[in-house]
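Spelled out, the chains give:
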Amino acid sequence: MTGEEDDGRPSDVTGSGPCETRLWRSLEELAGSEEVRRFGGAEFPEAATPETIDRRALLNLMTASLALGGLTGCAVNRQPWGAPLLAQPRLAPQHTPGVPLIFATSLELDGLGRGVLVRSHDGRPVKIDGNPLHPASLGGTDVFMQAEVLSLYDPDRSTVPMAGGMRRSWDDASLYVTQLSHQFQANAGRGLHILLEPCASPTRDRLIALARQTLPEARWYFHAPLTDGNTHVATARVFGRPLDPVLDLMQADVILTLGGDPLGAGAGHIRYAADYAQRRHARDRPLPRLYSAETSPSLTGARADHRLALPPREIEALARQVLDLVRNAAPPPAAPQSLAAIIAGDLRRAGAGGLVVPGREQAADVQAIAHAINVELGAVNRTVRYVEPIIQASTDQSSSLLALAEAIGRGVVDTLLILGGNPAYDAPGDLEFADLIGRVPSSLHLSYYFDETSRVCRWHLPARHALESWGDLRAFDGTAGLRQPVTVPLVEAMTAEDVLAQLVGEAGDGHAHVQATWREVWGEEFDARWPTALEDGVIAGSAAPAASLAAPVGWSPPPAGPPVAAGYSMVVFAPDPSVWDGRFANNGWLQELPKPFTKQVWGNAALMASDTASALGLATGDIATFTHGGRTIEAPIWIMPGHAPDAVTMTLGYGRRAAGRQGSQRGFDAYPLRSSRELWALAGVTIAANGRRDALISTQHHHGMEGRDIVRVVPATGPVNWPVEPRRSMYPDYVYDGNAWGMSIDLDLCLGCNACVVACQAENNVPIVGPDEVAQGREMHWLRIDRYFAGVPDAPETYFQPVPCMHCEKAPCEVVCPVNATVHSSEGLNEMTYNRCVGTRTCSNNCPYKVRRFNWFNYNQKPPAAPDAVQNPEVTVRWRGVVEKCTYCVHRISTARIAAKMEGRPIRDGEVMTACQQACPTRAIVFGNINDPDSAVYRCRENPRSYELLKDLNTRPRTTYLARIAGLGRGSVGGTR
Amino acid sequence: MTDSRVERSATEAARIPLSPRYGRGWLAALIASVLMVLVLAYVIAELVVAGIGIWGTNIPFVWGFDLSNYVWWIGLANGCSLFAAILVLRRHSLRTAINRFAEGLALFAVICAAIFPLFHLGRPWLFYWTFPYPATFQVWPQFRSPLTWDFWAIITHLIVTTMLWYVGLLPDLATLRDRARTPVARRVFGSFALGWRSSVRHWAFHQRAYRLVAIAVIPLALVIQSTVAFEFAITLVPSWHETRLPLHYVVSGLESGLGLILLAAAALRGSLRGIDRFIDDEDMNLIGKLLLANALVACLVYAGEVASALLAGPLMVEAILNRLVGHYAGLYWGAIALSVLLPQALWSSRMRRSNPAGILIGLGVIAGIWLDRLSIIVGGMQRDYLPSTWRIYAPTQPEWALFLGSIGLFAAMFLLLMRFLPVVSMSETRHDEYREASS
Amino acid sequence: MSRSDYGIVAEFASANGLLAATRAARDAGYRRLDAFAPFPLADVSVVLGHRTAVVPLIAATAAVVGGGLSYLAQYWMNAVDYPLNVGGRPLHSWPAFIPATIIVSALWLAAAAFLTMLFKCGLPRFSHPMFDVPGFERASDERFFLWVSSEDPAYEPRDVAALLQRQGAVAITRLEVTR
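Protein sequences, first through last, are from chains C, B and P. All residue numbers for the first sequence refer to this note's numbering, where the first residue is 2 and numbers rise by one. All residue numbers for the second sequence refer to this note's numbering, where the first residue is 38 and numbers rise by one. All residue numbers for the third sequence refer to this note's numbering, where the first residue is -13 and numbers rise by one.
In isolation and in its complexed conformation, chain C is listed as follows:
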């Protein structure tokens, strides 16, 4: 009897549960097994070794492993964690072996949920995409959601409990935990201190509440390096109690961002980006105007109509001025308009359509001012709504890491349970937290890796991966979504909820805990709602309502503090676009992902403006020593065009010491410099060059367009008119009756967020090559995002341009291939035949877009390579010595073609989605049949903004671009397009 039947879901879904369980397990093993890889390898004739197994041997193998699979399948049901649940979102096909299953579940970032759909091939999750039903995704993804599946198969993940550095059996471990629960149930939890990551999980909150009752003396703390922002302090100042702002960019006409990166980072940014894109191209409304005041370049700033590069203290000054100007009457028109006045004017004009968004790293005053302006504009409940804190647990100071440190200092901590997180690494440097943990008599760390914290704790328990575990998460707007396992657990491990449940003595597995939570909520509706919620991945109508605010008009900020002494001493901390707070450090896809602005990979650097650097006598690559309050770190410098003067930006999450084989000893660790009192901006840091240099690895070395027609920009108002060169070719045209696939990329919507790049890598088994190879210039990304700076170096315009294969109709690459390894398909795709390629690389020579990649080594077998289990079975894993490139996800096309054939209909527009298109939060990428006048891509190509890259070469690309729309003039009236 497995866990499926008693939840009463429709039998068509559940009935096949147990057997599917077995089937998965077996095929999973089969697919993972050595023989099968060799069998698949036989597709390459030259790889065929004498011992390649024949058909009979394979059949033997299959039967054998099916039988074994049956056994393990039975074993699964006896596991403490229970059987995985089979579920599908609505409209997903019924499972037949070989046909992928799709699961809805939730992934967490900053403790908030983002709904995803996981595509699983015969039990192997291989691809993650956004859940269209989930408010935090709407089908879009970001790099972290995409890359999570690689972490699932991370060979470096922790697999066994450890105690005092020794491997221990699970029996010992659970014995230890049981002892703890008995001991503390006896003494009401005195001396028990529990440190958790703030997380908006109803089940976890329920268990914590339960534990607070049964163990009243236990102390609870919450820490995550990035969520300890000033948001709640600020909202408390303005509204009297902590609240969370939830933006509605669809309504916004004029937006001012004070730091932060609402469109590019954080738990809600995918939704915000989608809303902003939709608002931007809303037919009937003028273009919105976006002002960004920020210290270091962000995707939002790059998208802004006006970007102001300001050091933190000037951001505060600006905020104060804008608040005054919004409150008081406009300044005398005679006076030259200050920027603040212009912004304030726009905001006043926009009224309720105005919006001010503070970054979480801004000082409490700045954030409070921003909220005050929103109140002033009447924007509350229009462009922004304030809701009760989504993450309830972590609102009071008594539960901060600081409090825990003090408690340990006082010596009152007998037992410290650290359930998740990595405080020994990411705690502010001044706490010396690793040493503090060492002082605790008995400590336990539950984590996915045996990381820095695990090493200083007495006990370490391996944690489940999100894709292996049950749970529930609330999104940035409060919407709750369920988390369900999409695979059998790959190793025996626990979740934080499991530990809590054991502490309070609640029986059952994760499945039971979550069900219990929602039984309480739903009562007798439970049986009806549970399956739907599982299939949707979202609990309908659970979004947080707007909090009722006692109209707090008239709050005014305290007078500004003493101005910080000018000097190049302000250090600003930011999450890293690739490894976030460090948790993704061992993820090869993310490590090798070029950061949006620097295009740096496999490391981080201290960003500063060129003036700042020259004043310090530093150049890009120089290593400088940063000292503050006796704490010192060394970091390489990166001169960042558009960075505010008088400030340095350090991204967190690098310099890991125990991240795993890929993540350790990369970049520098900024946490030691961080202060528990000033988490985000640190004044008075002394910076000195120390003469050494660091070879920073980047994938782009030229940053200007050299005056070439590469990224086109059209005025916000008025018609597009660029010369239309006549098309002449000496060659007769091939006719593509039927489908002719094409892609259109809207540079006005592209934020440069990189989601498409990781999506492409995950979908197409694009190898990870490692830092040395990238330094050589051999990164393999099929889709790259070129970043160009234009205008003045101090305040440049930043343009992003995704560059996949153009699939030229007159493809230059094909003509020079001596062996017909790359030719055109009947639908106009430029196809690469890997096993025909001999590797002359001349095709790359003749590709003006340089989108072709070459396997210089056998990258899929070298250490940084992704594990075989994560490889997409629908895409060939390329071998050494062959050229590869973007295929327009040809395997998705043929899947759709087969489906259409079986239903005897043509392929519908939008039925084929390329991986990059599916991942894009702003829907900047459109793919389809350019022969079909009703298709979206056809309309895009007809758009006056549409143009071809390097048109003069007359290669006739199937991939076209829509020109970016120039920023609006200050205070001018927005046009429409």
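Worth double-checking, as some hints may not be accurate.
To be verified - Chain B regions said to be covered by chain C (calculated; three or more residues, Cβ under 8 Å):
| id | region |
| --- | --- |
| 1 | 61 to 71 |
| 2 | 80 to 91 |
| 3 | 163 to 169 |
| 4 | 261 to 274 |
| 5 | 453 to 461 |
To be verified - Here are the in silico distance ranges between beta carbons for each label pair:
| id | chain 1 | residue 1 | chain 2 | residue 2 | range |
| --- | --- | --- | --- | --- | --- |
| 6 | B | Q434 | C | S895 | 53 to 61 Å |
| 7 | C | P716 | B | P256 | 53 to 61 Å |
| 8 | B | T173 | C | M167 | 15 to 23 Å |
| 9 | B | V71 | C | T633 | 57 to 65 Å |
| 10 | P | T47 | B | Q434 | 27 to 35 Å |
Said to hold, decoys possible - Looking from chain C toward chain P, a few residues come up when the C-beta cut is under 7 Å (computed):
| id | residue |
| --- | --- |
| 11 | S699 |
| 12 | Y735 |
| 13 | G739 |
| 14 | V824 |
Source of the hints: derived by calculation from the structure; they are not laboratory data. As the structure is a computational prediction, the values presented were derived from the model and not from experiment. We put the beta carbon where it would ideally sit given N, CA and C, even for glycine.
Position chains B and P relative to chain C; hints supplied.
The following block gives chains B and P in isolation, referenced to the frame of chain C:
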């Protein structure tokens, strides 16, 4: 009596290359070059096992040392064989002195050249896929690709150069057979001599065939140099995409060939006592003048390159200027200095006659053309359409090893040639002296 | 096993001697002659009436045939047998087929010339009665030989010997082969 004089000197001529007067110098040189060949073997093994990632190449520099060395070697080969063929057809007296080793040098250069296109492949063991045979794929080679043309070019060059060399060698092989001291040598030379009986009838057909093969070589050398140039000119890379490129390759290729001949001739005169009676000052004088003339033509070609680029589109201007002043400018100016300026020394007849000068200038010209190839290929690839992809390329140790190894192979083959085969055609010598005597 | 007469071979010290002797032999009506010299002797082969024009003829034909075959092969493979849309170029991209055509025809030209030579000279032939002539190895070095075949209609050993003697032969050999 005149005839007897002919006979004696002819005998001497025949004896020179085979005389036991090859001292330690020759042996040392042979050992050194054989060691380099071993290095070559090692690098090739490493290449096949590990993959061409051991090179410094990348995207966009998918080609580096591999192709530039190939182009360099094939240029040497074409230069030599073109020169030799012309001499044969012109029945020029110089041919007696030069032809034999000119043809040999050409052959060895082709062999060295062939190494690079073969092992620059990502999967070298599949090179034969460029050959039209009924494959299991059922797909044929793609004949629009200059690489396919080049496949034919290399094979043909190898065969025809061998024939030119062999046909010329046939009578001398008979001589060696007839004068062999040991039965083994007699058997070996005999089997290569194919039973040549120096019948006047043989001679008649031999002369015809020799000239016909030479005739075949002339268009071949030109077409092959152009084909090599097409591999670059056909692509969209701005600084390659020029119709003038074949001309450039022909001219500079011939120059490097002449440089090699000058080098070899001077070296032979320096090392083999007595040979200067057969490669005399007049011969050296003539080679020198030819090289000088060729250098002047090369100068013209270089000028034309800049001029045509400046007349072309902005991208091409930028690409050329980048070669002149950019990261790889050193290669370009080195090429100019060595292949255009250095040969100007040959205006002086003393230089033309001096062996050391001949060796230096020969080496210089060859090096200059090598730099020119590198400048065209590497320097040319540095600037193309999307600045986001611009990078730098630098050769790695294995690339250098491969290059030096090929030179070692070349040297080894030449040393063995001059040890075991007559470097000067005996029959031609006899013939000449007979004609001198009878005229 | 009988030893049969193969003809008379006379050795001469100089090319002029050989030329004179050859002329004399022709004038004396001998038709089945062959001369041997360490280098080409055009006038001797004129006297013996060698026709070599066939070599260039065959070579030229071969060049045309080879080139034609090469072009047709390229056309057939890329346009007929396995047509593929390569970079939107026409299937029959004739300009692209020309370089290989030229190269291959040159190959055929050279090869044909070489093979024709071997064929017309009856090479390779490693054993030949001439090699039994004492001192014949010097034919490839400094000596000149004239051979009158025993199958010549006018062959009469004593007369031949006498004739060659008169022409100043250094040595005269009566050559016999075992049949």
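Please flag the earlier hints that this structure goes against, numbers listed from lowest up. Hints 1, 5, 6, 8, 10, 11 and 13 contradicted; others consistent.
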